[in-house]
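Undergrad: Each chain, written out:
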Amino acid sequence: MLDATDKQILKEVADLEGIPKGAYNIRKNGKLLGREVSANINITTNEKGDGIIIDIKPGTKNESVHIPVILSQAGLHDTVYNTFIIGEDADVTIVAGCGIHCGGKESEGHSGIHEFQIKKGARVRYVEKHVAIGDGTGRRILNPTTKVFMEENAYAEMELTQLGGVDEARRVNEAVLGAGAALLMTERVMTEKDQMAESKNDIALAGTDSKANVISRSVLKNDSVQDFYVNLTAKAKCYGHIECDAIIMDNGKNQTVPALRALHPDAEMTHEASIGKIANDQLMKLMSLGLDYDAAVNRIIQGFLR
Amino acid sequence: MLELKNVTFEVPDADSDGENPHRKTIVNDVSFTFETGGFYAITGPNGSGKTSLAKLIMGINPLTSGKIVLDGKDISDLPIHERSNSGIVYGFQHPARFKGTTFRDLLSIAAGTDDEDRLVRLIARVGVCSLDFLDKPVDSKLSGGEIKKIELATVIARNPKVAIYDEPDTGIDLWTIGPMVDLLKREQKENNTTTIVVSHNRAFLEAADTLLLIRKGRIAYDGGLEGAMPMLEDLSVCTFSDKCEGENDVRCYR
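The listed protein sequences derive, respectively, from chains A and B.
Here this note's numbering is used: position 141 in the first sequence is 141, and no number is missing along the way.
Here this note's numbering is used: position 218 in the second sequence is 218, and no number is missing along the way.
In silico EDC-like cross-links for lysine to aspartate or glutamate, where the CA-CA straight-line distance does not exceed 16 Å: (1) K141(B) / E272(A); (2) K200(A) / E243(A); (3) K5(B) / D71(B); (4) K277(A) / D294(A); (5) K73(B) / E35(B); (6) K141(B) / E243(A).
By construction, these hints were calculated from the structure, which means they are not laboratory data.
Because the structure is a prediction, the values reported are computed rather than measured.
If we strip away everything but chain A, and leave its shape as in the complex, we get:
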């Protein structure tokens, strides 16, 4: 069922050596390749047939669901609408991700439109990796949209990673947080050659005592371009923090725009942003421990994007 390329992609995007254990849905070139549900996690195709609904029963603990997407058909631009319903007090891990294998001249793309409904007291860890491989010259395009609705005391940790290979990426993340809800979102993006990546984030802290921490780590190699925007809006007594750092390796161009908007007098919001080359004192330290310049650069970048 899985060929060598599929296996390589699954390994890269979901850390899978083959078919995962537990619930999963694997989509390949716009079609279902395999699906498994569990007692607590149901996966169904939506009414329109253009995506899936992942329904996690209330109280489900320590279970995971994998929903990787494989794209290896030249010229295909696949758009999918997925809905995740995470029941009250559930505690689950969702591993998503898309891998493109491009072997030809035509471009290939995937747009995953994901909506999360995280019910009261539920906790979710969402891990999404985007990779692109192959010798083809066609552009590899990934445009993910993630919308998150968090009820009271819901908790979400979202790790969004794209480390090289993707030529164009336009990401949109939106979240609305209810009372006591907490969101930790970490985006790690490495671009090279003439790649471009754009990330637009809109987070609304709507409920009392909601918390959001948005972290962005960008590395720009060669002539690549990255733009990062984040708007954090406080509509209640809440806490919000934005931390965005970009390292420019060669001739990359970066724009980082963190914005804070307090619409409530008890909002506490902070942001820090930095753009620059690798800090000289970090290089000196690693070189004084015996690493040559290139090895020191690699270790610093590895840590930064971890």
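Starting from the known structure of chain A, arrange chain B on it as the hints suggest.
TA: Positioned in the frame of chain A, the structure of chain B alone reads:
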């Protein structure tokens, strides 16, 4: 044996106009031999060139002229990492803070292994760092004392022939300084490490076999602490002298 031969370090003077660049001499024609396994303390007023001299040895500052010879081999032109691999390690006065890189990463690089048992043994050997430090990112959230302890551990993990510690007591609580001195003495004795400590702290000055007093980029004195006392008292070595030596501000910050 580490030999400094007529070592000089100059930088462009900040006041120069560019067309006629004036040079400022930071380290001025210093010659000295650090014997293998010796314990040396380098002291002197702020801005006297202590850190610049230490960084010249590590290769972080480029030599303007002179030679540095380690065990008979001229290392003057070697880059930092090659000096490190020849056996010299420098513990920074203000250690770098990273994002994402953990103490485990630094220690593994320093020790050349990521084997858990060996890292734990190293931490036990250093003593001043707790095991919970291991997976902490070495970032701006660490306190000044914590990062200095980590810095010390990464130097010791290299098993250096020559260990240079630049003000290792900065930010360290008073009751850790004694154990820190004992640790450096133990490393010196057990591994025959040539130990060079840049410090104003009496505990380190007393621990040293030889004291080097640097003043205006030159060695003003080398020998035992006793002999240096009159000069030290005269200089009234104080880390805050740059703040209190003003005409209008006579408050003591010590």
